[in-house]
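Undergrad: Sequence:
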Amino acid sequence: MATEGGGKEMNEIKTQFTTREGLYKLLPHSEYSRPNRVPFNSQGSNPVRVSFVNLNDQSGNGDRLCFNVGRELYFYIYKGVRKAADLSKPIDKRIYKGTQPTCHDFNHLTATAESVSLLVGFSAGQVQLIDPIKKETSKLFNEEGLLSSPGQASSPGGTVV
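Taking the working numbering, the leading residue of the sequence shown gets 1, the next gets one more, and so forth.
Below 30 angstroms or equal to it, Euclidean Cα-Cα: the simulated DSSO-like pairs (lysine-lysine) are:
{"id": "1", "residue 1": "K93", "residue 2": "K25"}
{"id": "2", "residue 1": "K134", "residue 2": "K97"}
{"id": "3", "residue 1": "K89", "residue 2": "K139"}
{"id": "4", "residue 1": "K89", "residue 2": "K79"}
{"id": "5", "residue 1": "K89", "residue 2": "K135"}
{"id": "6", "residue 1": "K93", "residue 2": "K83"}
{"id": "7", "residue 1": "K89", "residue 2": "K25"}
Calculated directly from the structure, the hints in this document are not laboratory data.
Can you make the complete structure from the sequences, with help from the hints?
TA: Here you go:
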């Protein structure tokens, strides 16, 4: 490609460029395939939490990853930092309508390849125990929540997709 400065050839690979339609940017696979990108909101932030557990299964891919984005909770096989997880195929995905997940953690002591307990805390004070491998909801604690008045119990209302 010739330049105006002296006709030298530049072998530079561009990672982004702008056109009248907008900005085009080269994204890594993990960023490009991220499900349901949450738009930036300058007034409030949606904290993202990540939890890991090792299930010691026979296939060698015993690590599992759980993270939340806004009102959605995802559960994936984690293959390490060198191999990107296929974010289009979660093991379990839950969308909550009433409140949003704010924290979660696995029970590492009882985790097996067939079952794992995940405790999820919500913005309204509820705590839910789920098994993302079996796709079961075991228990909901503090159903009243911290923000609801007596007689108006609100459950997290998660749906499994």
